[in-house]
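These protein sequence lines map, in sequence, to chains D and X. Sequential numbering of the first sequence, starting at 1, is according to our numbering. Sequential numbering of the second sequence, starting at 1, is according to our numbering.
Incorrect hints may have been included.
To be verified - Using 25 angstroms as the maximum straight-line C-alpha spacing, the simulated BS3-like pairs for lysine-lysine come out as follows:
(1) D:K338 to X:K26
(2) D:K169 to X:K26
(3) D:K286 to X:K43
(4) X:K54 to D:K407
For the record, the hints were derived by calculation from the structure and aren't laboratory data.
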Amino acid sequence: MNPFSSGTRLRDMIRAVRACKTAAEERAVIRKECAAIRAAISENDQDYRHRNLAKLMFIHMLGYPTHFGQMECLKLIAAAGFPEKRIGYLGLMLLLDERQEVLMLVTNSLKQDLNHSNQYIVGLALCALGNICSAEMARDLAPEVERLLQFRDPNIRKKAALCSIRIIKKVPDLAENFLNAAASLLKEKHHGVLITGVQLCTDLCRVSEEALEYFRKKCTESMVKLLKEVVNSPYMPEYDIAGIADPFLHIRLLRFLRVLGQGDADASDLMNDILAQVATKTESNKNAGNAILYECVETIMSIEDNSGLRVLAINILGRFLSNRDNNIRYVALNMLMKAITVDGQAVQRHRVTILECVKDNDASIRKRALELVYLLVNDTNVMPLVKELIEYLEVSDQDFKGELTAKICSIVEKFSPEKIWYIDQMLKVLSEAGNFVKAEVWHALIVVISNASDLHGYTVRSLYRAFQTSSEQESLVQVAVWCIGEYGEMLVNNVGMLNIEDPITVTESDAVDIIEIAIKRHSSDLTTQAMCLIALLKLSCRFPSCSQRIQEIIVQLKGSLLLELQQRSIEFSSIIEKHQNIRSTLVERMPVLDEATYSGKRAGSLPATGPTSNAASLNLPNGVAKPSAAPLIDLLDLSSDDVPAPSSSGGDFLQDLLGVDLSQAASLSGTSQAPKSGTDVLLDLLSIGSPPAQSSTSTADILSPGQDNTSVSTLQRISSPSSLSAQGSSPAQAAPMMDLLDGFSSSLPVAGNGLTYPSIVAFESNSLRINFDFSKTPGNPQATLIQAKFSNSSPNVYTDFIFQAAVPKFLQLHLDPASGNTLPASGNGSITQSLRVTNNQHGKKPLVMRIRIAYKVNGKDTLEEGQINNFPRDL
Amino acid sequence: MGMADPNRQGKTRLAKYYVPLEDSEKHKVEYEVHRLVVNRDPKFTNFVEFRTHKIIYRRYAGLFFSLCVDITDNELAYLECIHLFVEILDHFFSNVCELDLVFNFHKVYLILDEFILAGELQETSKKAIIERMGELEKQDELENILLLQASHIFAMPRAEKAVFSASRFKGSLLGKKIQ
């Protein structure tokens, strides 16, 4: 016999491990034991196999590798006796998991044990299957488990029920096999079986719609009755916790009722009474009672509306919120987040308490409360809430500041009532926690500052003051440096003084000092230093008296190890030295940054469809008037690659984009004026809503309703290829003709090169729908005629209806006049308009188009925009 | 989804996973959970958010019992669940202490398997579980290897030493007096 195999007893090994003073000693003990076990394994030792495996489990728990023992588990499971099987299955659950191939080998043993005559061995097998079952095993062994749901011993039935949960989670298709057996478990009296049965039915409902319907119909009433029995049951010592008979069963039942009641008014109705009883009668002085109340509140919130119950639920949460136990407050905050969608007003009443919770010492509570506050903010309470949050930011833990800062910035951006408030709050946040502020947040701040021309002076002076106290906050320094560079002279001369401000005296050299401090800080990163260099260059021009000193600072960076800084430093000093004549034009103030472009870029790609009223998160009402062209630029900005630089006039663009079609468009819209400048054309384009004179040709008569017969015959005539090409050459007549085609395009083949293209819904919002029909002119594959049809399903008439479209450079777009500018309500009529698109990259790139629709509803301007990407291919 | 009972030094006494994880990942989880839980003030909530889940924990003497559950689960119910489990252990080992769990870890697993299966609660009656354990032990005949009487623990020489202080040797998890 191998000298190792006699080995030590399990408890001796544990004792030896515990006696180790150092990790090295422990490793030595383990090494010795492992060697002995390996030797035993290779000798195929029978007697000590389960003892060895027990040791291996302990070794595994200590964190040592034990993979060599995996096959031993299988051998033990295959052994005959209960003790071997017990250790074998335990080892299987601890040392292996469902992903290991070895597991496949165990399926057969499991099958045998599930059919074993010894019910304890059946129990072991069920337990192992429940904990490690894979999808394949689930399929193979589901019939056995299903049968065991009706086993005589309740211990097996409850294990089989939980095993079934694992099986249906792995293979949801198997759910229907378990329906009947699961339903019969609900009639049991044994609590263990009942609780597992309820859990199984709940999970069946989650994986299968069919099961949900089945249980809703068959079991809602009996479950309500069962809960009533459990709630009113007399004292049961076996299940009693804090005076409540089996709170766990209460909770399982409430959860099952929630699943049954969700989205079904009848089922919800059935359970109202019992829910009210649980909500009012449950003792709330112990954790067990509160756990039930908490579950009950969640069920009330989830099932179909019953305002009485909801008041009850919100009141329970209110009580929870003022509880002294932190656990209870935590769950209250958690549940209020769900309640806010149901009854926002009721949650608002607890705002003060919730705000206090943000300042709690316990990170778990703080986190929940902050999430909740974020949901609570609206236009009316944003100012006091933000004030509180910023005050708390000053004293909060370092590790909470990041999260808090992000939330404050997001709230301020979203709900800011005016620019000055936005700037003030952002400066406070930057001074307190500038290091936690993300780059895009302070970039957005700069865009807003740039747009608030009346606040430039105020902002730069505030930043100057903030810098004096908080120069360690990186992002504050960056914003301050940028603003001083841009608006330095306003700082020195107290330009644009607001009433609320105290005047300060800042000399030109003070302003330069700030930049010098910033550039020489050790903590300054590349971005800050680069921004400082540019600010210095700008100041050298604005403060001629400091020019010499500024050059000295810039020159110092010639030795910078960072190539970018070194290069800029050399370039800038040469500008200051040698190019006095161009310097002042070179360093002019930045043009106003366009908010719409910026926020569009920030949001990534604009949403494809749907009403996005300006889509700007920085939608500040008292902002400076935007240059009229800006939205158009936004509109034209189809691909981010060729983002247009913001310019004050969009004319160039338009000319560029619309190219040759400009003159035609102008003449079509009934103005004889030649396009002198792009902006005029733009205006012309916008006024296409007025009925064009040229289109009142004879073909227009066909359009009048009540003449369907004649129009069909006319249509047949003109839809022959020859007449189409003849008429198609006249752009003036194209529009009405296309109107005509539109109505019958489904029944008649579109003439042309023989190809037809499916119509698309180009855009669809709440009420507005745009359909596009396509046709091709023969012999010109690049050109596509698009017939747009607008319809309005809302009850209001849209007046002054204008449709605009823009395309990328590889396309050319020509818009014909629309059939009208009033869109009748409720789909009673439509406006049509034809578009001609020429695709210079035909066959390589598909069509793409960005659109904007402006109209008035009850005299109120409305704007919708979107992008059309779903054009048929090969257009 | 898993249950772990690390002690104050971060040694795991029992860990059970109901979702598949690599061994290395299990150790990482146990370590992280221990770090999260051990420094929290006793007055704080018994809940900590962990990755996409939630840890429900409760401390008994030097042992932390932690459950990792879904974010939507009922925290208070799981807290009650931990207590019930400790009460069952206390009943079974008559006045349980940490060393009971160390030397009889395989039995603790057996109890746990009677209490929770596939991540779901299986039995809520203390009595039923204790009775079931009695039956299982009768099945298990190899007592010389695997069965240990709870009294052995207190018979062990104090000098056995190691990471636990003497007070914790005596300390029972539920703070009851030792006979």
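Going down the list of hints, with the structure as the test:
1. With a CA separation close to 33 angstroms, the supplied pair D:K338 and X:K26 exceeds the 25 angstroms bound.
2. With a C-alpha separation of about 22 angstroms, the suggested pair D:K169 and X:K26 falls inside the 25 angstroms cut-off, and the hint holds.
3. A distance of roughly 16 angstroms separates the Cα atoms of D:K286 and X:K43; the hinted pair therefore holds under the 25 angstroms criterion.
4. For the suggested pair X:K54 and D:K407, the alpha carbons sit about 22 angstroms apart, so the restraint of at most 25 angstroms is met.
Of the numbered hints given earlier, the model fails hint 1 alone.
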